[in-house]
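Engineer: Note that the protein sequences, when read in sequence, are chains A and B.
23 is the number of the first residue of the first sequence in the working numbering; add one for each residue after it.
-4 is the number of the first residue of the second sequence in the working numbering; add one for each residue after it.
Possibly wrong hints are sitting among the right ones.
[Claimed, not checked] Partial selection, computed: residues in chain B whose CB lies under 7 Å from chain A: (1) G37; (2) L38; (3) F85; (4) S95; (5) T97; (6) F100; (7) G101; (8) P102; (9) G103.
[As the list claims (entries may be wrong)] A short, non-exhaustive set of chain A residues, derived as facing chain B with CB atoms under 8 Å: (10) G65; (11) F111; (12) G124.
Since the hints were made in silico from the structure, they are not lab data.
We treat Cβ as the ideally placed atom computed from N, Cα and C, and that holds for glycine.
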Amino acid sequence: GENVGLHLPTLSVQEGDNSIINCAYSNSASDYFIWYKQESGKGPQFIIDIRSNMDKRQGQRVTVLLNKTVKHLSLQIAATQPGDSAVYFCAEKAGFQKLVFGTGTRLLVSP
Amino acid sequence: NAGVTQTPKFQVLKTGQSMTLQCAQDMNHNSMYWYRQDPGMGLRLIYYSASEGTTDKGEVPNGYNVSRLNKREFSLRLESAAPSQTSVYFCASSANTGTSDTQYFGPGTRLTVL
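Build out the structure end to end from the sequences listed, making use of the hints.
Structural biologist: Have a look at this one:
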């Protein structure tokens, strides 16, 4: 398996609980944000995105919240399942600049 | 629709050997990217190609070269591999038609340089 994320912060939850994963971004000019999920041995998978003109966006079982005042992004996963176990990381983008990726949080879901 | 594909999945090289990592996308995307991922460091951009016929250096280009062969394919070459290049390499692509530019990733190539 992967040794990526050996020193990542870890969030442990029980199956069925709601999970909240946080991300602090650095660039006040960032206006586009993405959450990715990366399972062991796989590439990052797009989950949900949000533009800076929104505070909240919902997908299937996931919600992203954006607080531009404190430069904070969160991903909420409802009714967390064992298949949600993965590393989650955010990415930010300012205008036409390149995406900048965070290092991630490991989510562990126990049955 | 396979998305982004990468070959090989695994590779072991000796120091000084060369190899080319292949990447192809079938989403008709304009832009393609090569990243490396090391423990605790997140994804770091090696090279990117904003459109067919153009390539530019990213954050960590030393020791690598790239070729945008056509709109679908973007290869990464290690001319003389070093142990510091042991990493997981990801290719990504995006439409790059505006400021909301979602990148889609391949499954990765796990490279070990001895």
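Engineer: Against each hint, give a clear statement of whether it holds in the structure.
Structural biologist: Hints, verified against the model:
no. : hint : in the structure
1   : G37  : holds, 4 Å
2   : L38  : holds, 4 Å
3   : F85  : holds, 5 Å
4   : S95  : holds, 5 Å
5   : T97  : holds, 6 Å
6   : F100 : holds, 4 Å
7   : G101 : holds, 5 Å
8   : P102 : holds, 5 Å
9   : G103 : holds, 5 Å
10  : G65  : holds, 4 Å
11  : F111 : holds, 7 Å
12  : G124 : holds, 6 Å
No hint from the list above goes unmet by this structure.
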